[in-house]
Structure formats: C-alpha cells, structure tokens
Amino acid sequence: MTGVFSYLVFFLVIALILGVAVLGLNLQWGFTGLFNAGVAGFMAVGGYAAAILIGPSRDAVAGGFELPFVVGLAGAMAAAGAAAAVVGVATLRLREEYLAVATFGIAISIQLVALNWEYLTGGTLGLIGIPNPAAQLADGPLARNVLYLGIVLAAAGLAYAGLGRIVQSPWGRTLKAIREDETAAASLGKNPVRLRLEAFVLGSAIMGLAGGLYVGFIGYVSPFDFQPILTFQIWTMLIVGGSANNRGALLGAVLVWAIWTTSGFIVSKVVPPDLQAQSGALQAVLIGLLLVAMLLFRPRGLIGEEEHVSRHVRP
Amino acid sequence: MSEPLLAVEGLTKRFGSFRAVDAAGFTVEAGALDALIGPNGAGKTTLFNTVSGLERPDEGHVRLAGRRIDGLPAHEVFAAGMARTFQIPRPFPEMTVLENVMLVPSGQSGERFWNNWLAPRTVRREEVRNRERAREIIAFCGLEAVMGDLARTLSGGQLKLLELARALIAEPRIILLDEPAAGVNPALMETLVEKIVALNVQGHAFLVIEHNMDLVMSLCRRIMVMAHGRLIYSGSAEGARRDPAVLDAYLGDVPE
Amino acid sequence: MSGALLRAEGVVAGYRPDSPILHGVSAEVGRGEVVTIIGPNGAGKSTLVKAIAGLVAVSDGSIRLAGNEIANTPAHRLPARGVAYVPQTDNVFGTLTVHENLRLGAAPLPRRAAARRFDAAYAAFPVLGERRDRKAHVLSGGQRQMLALARALVPEPELILLDEPTAGLAPRVAAEVLALVRGLAARGVAVLMVEQNARAALGVSDRGYVLVEGRNRLEGRAAEIAANADLGAVFLGRRPPVRRPAPRAGAG
Amino acid sequence: MFLQHVADGILSGAIISLGAIGLTLTMRILRFANFAHSELLTWGAYSALVFVGFFMAMDEALGGPIGPLSFGWALVAAAVLAGGLTAAVALLLDRVVFARLRGHAGHMTLVFASFGVALLVRNVILMGFGPDPFYYSNELQIAVRVGAVRVMPDQIFVLGLTAVLVVLLHLFMTRSRTGVHMRAVAENPSLARTSGVDVDAIVRWTWVIGATGAAVAGVLYGLTVQLRPELGFSLILPLFAAAILGGTGSLYGAVIGGLVVGLSENLSVMVIPSGYKPAVPFLLILAILYFRPQGLFGEPR
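Residue numbers (this note's numbering), protein chains in the order written: chain A, 1 to 315; chain B, 1001 to 1256; chain C, 2001 to 2252; chain D, 3001 to 3301.
Just chain A, same shape as in the assembly (with noise of 0.2 Å):
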C-alpha cells in the first residue's frame, strides 16, 4: 500500500511540474496565439538556472552558490524570460511560422550550451549534488516526496492562481483581443508587439519555472533530461486538455503524464530490455497518434475555452 501511495506522489510531482510548463505554453498558446516549438529548451535554461544558483560549489564548473531554493526559482524565471526575450524581439514581429522556427531553433542551441560549455553546465555529464530543499525537513525518501509535492503544489497553485487572474485582467483581455484580430486591436490604440512580447517572456519564464521545480526534485541536472520529446509531450497535455483553458492545461498534464507512465510501464514488461530505443519509440508513437487525432477529431480539448469577462465584472 505504501508502494502504491508513494509511487503515487511520485507520478504527481512530475506531473505537476510539467504541468506548470503546460500553463506557460497555455499562456503563449492558447490566450496569446504564440506558437513556442521549444518548450523544452526554455526549461533546461530554468533548470540549469536553479543548479547553478543552488548547487555546491566544485571546481572547474561556474556557479555553486549554495543560494537558498527560492532564490534559485527566481533565477531559473529569470533565465528563461530573458532567452524569451532574445528570440521574442527578432520574431515577433514577422510571420508567425518563423517564431515556431526560431524557438525551435533555440531549444536545439540551448541543448548543444548544455552538452558543450562544461564550465557552465558540466557537458554530458551535467550538475550533481543539487540540494533537495525538502530533504532538509524530512526523514526518508516517502516523506521528502510528500514534501516536495507540497512545494510543487504550492508553486502549481501560486501559477494557476497568478495566471488565472492575470489572464482575465485588462491585461489578458488585451492579449486575447490581440490574439483573435490584431489589426483590430491596433486600431483600436493596443500595441501588438508589446504584449506579445511580454506574454511569450512570462509564459517562459513559467517554463524555467518548472525547469527549477523538476531539477531541485531529482537533483541533478543534464543535457538528457529536456530532449525533444518533452516538448511534443507538454504540447500535447496542452491540446489534450484543451488550450485556454487552465483547469484544462493541469487536466491534460495529468492525464497525457498518466498515459505516458503507463504505456511505458506495459512496454518495458513486453519488449525485451536489449530494445528500449524502441520502446520508447513505441511511446512516441503513441503521443504523436493522441496529438494528430486531438487536432483533427477534437481540436478544442477535453475542455474548450471559457467565456470569462474581466474578473472584476463578473456578475
């Protein structure tokens, strides 16, 4: 019974951490328009962000600041939005397919810092001994995990919470306007590139966000924890869910993770250990089919989009 409760809150830290990188992309996605093809870049800048500022020191590798966890989330934030900023500013203004190009441009760059620049990142080998800011308070792996999940909770609820109310301010009404007709809401005196621009900053910062959560979790950090893959995974929670929508963005996290772990759990006891290549594959496999078939048979999600005025005019 333990097993289960604590393979439990396992499965739900993970879940909650990718699904706070959902309500980022949900954020760039579904209230903005913003197509971000790097998901995962934008969290390996958090993660790496957080080990640094938290990590111990050691030689031969930048940062080992031993700076409290909090501070390290503030960074990976940080990080992340300033990236944003960078492609943000060059794309922005163009064609929307280019900003899908250049994040995706950016995600492979990010990961080729992480493999190269070993005084920063460690190379291949990446950060170790990154602090586990439960570990401090609590005995035992089952308690550190609850402990941690509380952590992720809270920063899940403070995103959710932050957003939901940010996206139905007169802030998000005018991210939205701009979203369903930008000429329109130029002449009507809103400047587009301004609130594109901040909306992408924030919405990747929210990734670096989960990028922290996810490193101060496992404790460790490398090139080999923010592949490819996990970008189509958290865009496909985000479909699956069903963009603007945040209850949703953490629905589909939930579930496309619960799919995930599953399949996964039922490949390994079928295809023999010598081809795991190809049982994740399998697992790909399986994401992209939920994806393609959500965009064609279900393209508002699970739960579509919520009619909400400005919260402060509700009835």
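The hints are simulated quantities; they were obtained by calculation from the structure and are not laboratory data.
Quick reminder that beta carbons are idealized off the backbone N, C-alpha and C, glycines included.
Hints should not be assumed to be uniformly reliable.
Partial selection, computed: residues in chain C whose CB lies under 10 Å from chain D [stated by the list, open to error]:
| # | residue |
| --- | --- |
| 1 | A2053 |
| 2 | L2055 |
| 3 | A2057 |
| 4 | L2078 |
| 5 | A2080 |
| 6 | V2086 |
| 7 | N2101 |
| 8 | L2104 |
| 9 | A2107 |
| 10 | P2108 |
| 11 | L2109 |
| 12 | R2111 |
| 13 | A2115 |
| 14 | A2175 |
Not close to chain D: a few residues of chain A, all C-beta gaps over 12 Å, as computed [to be verified]:
| # | residue |
| --- | --- |
| 15 | F11 |
| 16 | W29 |
| 17 | G162 |
| 18 | I259 |
Mind docking chains B, C and D on chain A? Use the hints.
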C-alpha cells in the same frame, strides 16, 4: 478655432506604381458630420487606412487638432484621438460584447502587466468605472440585450453597432466610419442613423464613407467626392448631384 | 434575345449564405453581343460576374450557358466549358513571363492544340509578341490588361466575363481596351462586362443593365441607358436632405 | 584546411538544397511551415535501404560497385523506388491529416499537426530499425585529390547528381505545363483556378516533387554520412534556414540558401568549437529575420 480638427494635406499612398491616394487634401471641422463618397476603387478606404495609421503614407501630412499623426502606428493614432470602424466589422469573436467595449479605453492601468500586482485597487476601481461606462454606451447603441453574448453570435447589423460602441467609449475627437450601413437591415439602419445624428448633435465629429447615397445625402452636411485617389468635390449634397465632374466620376467620361 | 448564350435568372448569391448580395438578379448575353452592367457601389456587379465565374456560391436561381446549368460549377472547370473570366485586379501572373501567362490560358486545352492559339494571340496583340519573354510585372497597365485578355482568349471562349477592364488605366488606354472588347464581339464572342466608367462602356455595348442594391433597376439598349435622365439619381441618390437640429459648436 | 571545409560545405550544402526545394515549395503553395518535411528524408533513406536489401537478395551482383563508387545499381534502382514510395507517403499524409485541416483550422494548426506527424514518422522508423546507424555499402573508398582537397568519388557523384536534378527541376518548372501551373498557383491561386488550373492536382504535384527531392536527399545523406533515425530531425534547422535565406517560395533561392548553410556550417568550425556547429543554421535564421526577413533574394513585402 482657426485650427481644423482634422487636416489632411497632399496625402499620397502608392502601391507599386499605382497611386491609390493621390495628393488628397481636405479638412474636417470640429462637430462635423461629413461624408466621403466616390466610385469603387476611388481610394476611400485606402485614405482611411492611411489616415488611421494602418498604412504609411508615401507623402503628405495629417494633423489631428494641430498635432502631426502621419506615420504613427495605428495604436498611437488611436491614442491621439481618432477612432475608426471597418467596412467589414472586425469584432473579437470569442469575447463578449461587454469585453469588446471594455477593452478599448486607452491608458487603462490594468493593461500594464505589473499594475495588476502592484496596484490592484487602482485597477479594480478603474475596471468598475470602465464597466459602468461600457454599459451605458452599449445601452445607448441598443445592444443591452446581447451585452453578455460572444461577439461571434451577433448579426451583421449588431456588429456595426458594436463597432460604433467600441469607437465611442474611447471618446475620440473624430470617428471615421467605413460604410456603416453596408449589410445592415433597414430597421437597424434607422437605429444606426439615429445614433450617429444624436452623437453628432452632442458634438461628436464624424467622417463617413458610405455607398448608400440616399443615406449619405440625408445624413451628412458636407459631402466630399473622391475619384482616382483625388478629391474632386467638396460641398452640399445638392451641389454634388449637379456637379458635372462628380457625374463624370460616377458615369465615366464620354470617349472622344 | 431568345437565343441568348448566357441566361442568368433570379440569381441569389453572396459570400455568406445568411446575407446574400444579389437578391434575384437576371441578365442575358447573346453571341456577338457586348453587355455592360453598371450601378452604384455595392450594387453587386462584381458579385454577379463572380457568381457566373464560379467564385461566389449561388444559393438560388439559375445560370445557363447554351441551355446547360453552370451555377456552382467549380471555377477551374468553367474555362473548358467556354467561359473565361478576367478579374479586376491581379489579373496577370507577375512572376511569369508573357508567354507563360498565355500558357496558363491553355490550361483547359489538350496539349497539342495550344501552339497555334499562341500565334493567334501574338497576331492579335503584337505588343505582347515583342515582350514574349519578359516577366509580366514589368508591363504597363494597358499591356497587362491586354495580356489578361489575351490569356482569357487562348481557349477560344464563347463567353468572356470582364470585371472593370479599364480600372486604373489612362483614358486613352481605356478607350483602346474598350475597342478591343468591341472587336471580340465582332468575332462572335459574348461579352459580359462590369464597368465603373459607365458612359464609355455603354458606348461600345449593345445592351446594358443597371443594378442597385443587388436587384435589377434598369435594362435596355446601351444608348437608351446612357441617355436615361434618371441615371444620375441612381448613382447619387434622390432623397432630399433631412433637416436636423444644429450641433453644439466646439464640443467633442 | 580552408579549401577542405569549402569542399565539404558544398557537398552538405547540395544535400540541404535538394531537401529545401521541397520545403520551400510547400511553404509557398500549401502555405504552412511543414516540420515533417525533413522526416521524408529519413523515410526515403530507409526505404532505399530496404529496397537495396531486396535487390541484393535477388541478385548479389547488383550490389557490386559501379567504377570507383562505393555502391552498385541496386542503390540506384532503390533510390528511384524510394522516391516513389516517399511521394506516396506524402500524399497519404496530406489526405489523412493536412488536407482535413487545410481551410478549416487556423494555419498554425497545420504547423502543429506537422510536428505530430514528424514525431510519428521518426519513431516508426526508430521502431523498425533501431537506433544504430546503417550504411548502404561496406565498400571502402579511396579518396582522390583534387588540388589541395581530398574527396571521395561518392561525393563527386552526389554533387553531380544534385546539379543534374536542379537543372531537371528548372526545366520542369519552366518548360512543362505542370511546372508553369505550379508557379502560377504559387503566385496567385485564385487567378490560376479561374484560368482552368486544377489547384488540387497542383497541390498533389507539390507533395510529389517535394517528397521525391527529399527522398533523394535522404539517400545521398545516407550514402555520404550514415543512416540514423534522427537524420531528418538534425536537418530541420538547416532546411528551414536554406528556405528562409533563399526567400520562401524561391526554388533557386533554396538551392543557394542550401549552399550558404552548408558552407557556413563547415566553415564555422574554424572559429567556434565543432560541438556548436548544429546551431549555425539557427544563427543564420535569426540574422536573416533581423536584417532581411524577405530572404536574400525575395522582394520586400
């Protein structure tokens, strides 16, 4: 008082070698209700687009209450006090009528991201005021019954009224209406005309592109006629009907 | 007019089914006849030719070509059935050469039949032959209009639909284009033309229709329509100005 | 060294050009950025591998090398079949996924779907063939010296074939009726339609040409480098860079863009650590979007 509300001077907009607007010049006085008419392809909508900042002029000046606004992006022209509507209405379809209108006022502090966190009370106060104002204007435009409906569910005529409401809440110095009556059924058209006249009586200035000539001739005090990108007539409706150049613009020249 | 090639009757059409632009328009064109449609802005003139050309959905009424219903035929099938359409703007392929533009005209023809038609086109429009391998975007406005006409004529259509063929042209060039249009009819082609330049267009036409707000208003011989005293009122309205209270000065 | 990098750059640039031609055509005619295009290279490369095995099983001699080249007629025949099969797959994908979304959904949904399709294709290949690399031939080749540069006979073949294909494509686009129609649809679909062009047929032709080019590029990549399931994935950025550099929709732009990308990648190792080489196309894309978004040869919009 010597400064006209809107002054357009030598305005030219080229697309390739084609001069869609060709050295157009005119003024609109405060409190005016002027019409801009002309045959298809005369450059009326391009003139609107160029004046309202959606297109950059190639030559010429536009002054609004004395201030140069040519070359400014659309959102800054709007902030300077000029609102416009579109020939084919451009609502935000997935937003309610109320949201469509509340969106508009410039300089809402809640439009700045951080103000929503740092000054939530100011934002709330403004929103409440904004909502009251939006409700009044929506009611004035006769859209009270659909205030909470998504804009995509509105009829063509209701969308025209929504566009008018969105323009009104900004309290612009001048409103450019691009074919307010196109695709509107006669009953709603009466309402629309009533609203425009009532607003004009209150002092709002309008410049109207309209194809329905009976409407233009009865609604507007001054008529400007545009042909081949140029302004060829400015004066009364009666005069326009008798002006040979205007007739030529509509019916073409007799070939030599 | 009983032997009309094109007979449109009670055509209801528009971009959105719930708000049609044409509310039951009828028109006929015979072989060798030039027919012009005029009317104020928003009358539905262009919509009518687009509906005949298969670009706008027809929700009611009929469009018959030599007795066969062609309403809602996919646009790309109409050239093979003898209907050519020249739009008002963007009516040549600027990135293609003059000759390649003519090859587009041969799209509905069997491959072998084309070459002879090109020779005929260059004979009819010598100016195009001189610029055979130039990209179309370097042509002047009048030359473009000729190229658009030449392209439309390559498959030897029975009916040609022209949407404002003189728009944006200098008066002298416009007159040349209209003379060409008259020449088409002399070869037995039926021409249906929308024109802004009503007097000039009626001057080369046999008959004319006046549309107002998606309905037939006047029809008849071209000269009669051009001479109709009501024409100005059709375009510029007839209702007297309404008296309104004076505005409050200076406010707003 | 410099000349060697130039030679290698032209070679990889040639392959990128072939792939980018199809990508730029889809971006222009189908009007969306197809992230699945580069997976067609992988598909083509692997299906040629299967056909080679098939021919070799029929007659061992077909695998024998042609002259100084490392491969035999089996690969030539296999490449032709792979081109056909890849075109068929592209048409199938269009029918099942893209055509259903075209016109209804927003065009970014198409981009989105192309991501899903790319993931599917890549992982189906990974499932079938595993992660280890394959080669068409185990023959060793002796490099020939051309001035200061060492090249393999296969590499000369790749360059020659690419040049021939580009010339053939040019002739197709300017001489054949379908080619002229394709260019017309790319410029103005509505006018093409009213001139009597069946635009749906042109869309199918676009897929066929793009996919065939992709398959050949994939085979050439497999021949000069190796076959890996991530072959196409690693080429996504170079292909987009070539298409955007050349000005979206321009065939010759894509060819020159491909060469620029290949050369920049290979010359970059002289200034930056080679581990960063795959980021070069991204930097090119950013630079071009900053300074000349219409591409090197495009008209400003």
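Here's how the hints hold up against the structure:
| no. | hint | in the structure |
| --- | --- | --- |
| 1 | A2053 | holds, 6 Å |
| 2 | L2055 | holds, 7 Å |
| 3 | A2057 | violated, 15 Å |
| 4 | L2078 | holds, 8 Å |
| 5 | A2080 | holds, 6 Å |
| 6 | V2086 | holds, 9 Å |
| 7 | N2101 | holds, 8 Å |
| 8 | L2104 | holds, 5 Å |
| 9 | A2107 | holds, 4 Å |
| 10 | P2108 | holds, 4 Å |
| 11 | L2109 | holds, 9 Å |
| 12 | R2111 | holds, 7 Å |
| 13 | A2115 | violated, 12 Å |
| 14 | A2175 | violated, 26 Å |
| 15 | F11 | holds, 23 Å |
| 16 | W29 | violated, 9 Å |
| 17 | G162 | holds, 26 Å |
| 18 | I259 | holds, 15 Å |
Hints 3, 13, 14 and 16 from the earlier list are contradicted by this structure; the remaining hints agree with it.
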